[in-house]
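Asker: Sequences are here, hints too, so could you generate the full structure?
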Amino acid sequence: HELRRRINRSLEQVVATALAAAWPELVVASGGDSALAICTALGVEALVVERALPAGAVESTTYGRPDPPLRLVTKSGGFGGPEALAELCGALRREPAGSGGR
Numbered sequence: 020h021e022l023r024r025r026i027n028r029s030l031e032q033v034v035a036t037a038l039a040a041a042w043p044e045l046v047v048a049s050g051g052d053s054a055l056a057i058c059t060a061l062g063v064e065a066l067v068v069e070r071a072l073p074a075g076a077v078e079s080t081t082y083g084r085p086d087p088p089l090r091l092v093t094k095s096g097g098f099g100g101p102e103a104l105a106e107l108c109g110a111l112r113r114e115p116a117g118s119g120g121r
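Numbering (our numbering) for the sequence shown: 20 to 121.
No wet-lab data here; the hints were simulated from the structure. As the structure is a prediction and not an experimental result, all values here were calculated from the model. Where a beta carbon is used, it is the ideal one built from N, C-alpha and C, also for glycine. Among the hints, a few may not be true.
Derived Cβ-Cβ restraints for the label pairs, each shown as a range [stated by the list, open to error]: (1) A35 <-> G96: 20 to 28 Å; (2) E44 <-> E21: 33 to 41 Å; (3) V33 <-> A105: 21 to 29 Å; (4) R113 <-> H20: 35 to 43 Å; (5) G100 <-> E21: 26 to 34 Å; (6) E102 <-> Y82: 25 to 33 Å; (7) E102 <-> R28: 26 to 34 Å; (8) V68 <-> E102: 20 to 28 Å; (9) R113 <-> G62: 29 to 37 Å.
Answerer: Structure representation (structure tokens):
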């Protein structure tokens, strides 16, 4: 448990540093620990689910904090085969948010 906690804390620091430098259009998190670290680093208050995506992923928008809101795609780390992330990225390119693909 200690190793997991240390890794998550390090990921939180990396996320906070990266987002302070440049605010992305979209962040993709694979695995619950990664998603939790990202949300913790940003002080996310809530997520509003926008749509389901391939590979068991979900696109959400942060609510409350941070400001401006962030599009966050979360996917279970243990779901899908080796091609799952490539499939997810392809779907995001074909149907960006707001394109009616919800």
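Asker: Hint by hint, say whether it matches the structure.
Answerer: Each hint, compared with the structure:
Distance hint for A35 and G96: a CB-CB separation of about 21 Å, consistent with the stated range 20 to 28 Å. At roughly 35 Å, the beta carbons of E44 and E21 sit within the given window of 33 to 41 Å. Taking 21 to 29 Å as the suggested C-beta distance range, the pair V33 and A105 conforms, at roughly 23 Å. For R113 and H20, the hinted distance range of 35 to 43 Å is satisfied, since their beta carbons lie about 40 Å from each other.
As the Cβ distance of G100 to E21 is approximately 31 Å, the hint placing it in 26 to 34 Å holds. Judged by the Cβ atoms, the range 25 to 33 Å given for E102 and Y82 holds: they are separated by roughly 32 Å. The hint said 26 to 34 Å for the Cβ distance between E102 and R28, and at roughly 31 Å that hint holds. With their beta carbons about 24 Å apart, V68 and E102 fall inside the hinted range of 20 to 28 Å.
Range check, R113 to G62: Cβ separation about 32 Å, and the 29 to 37 Å hint holds.
Consistency note: the structure conflicts with none of the earlier hints.
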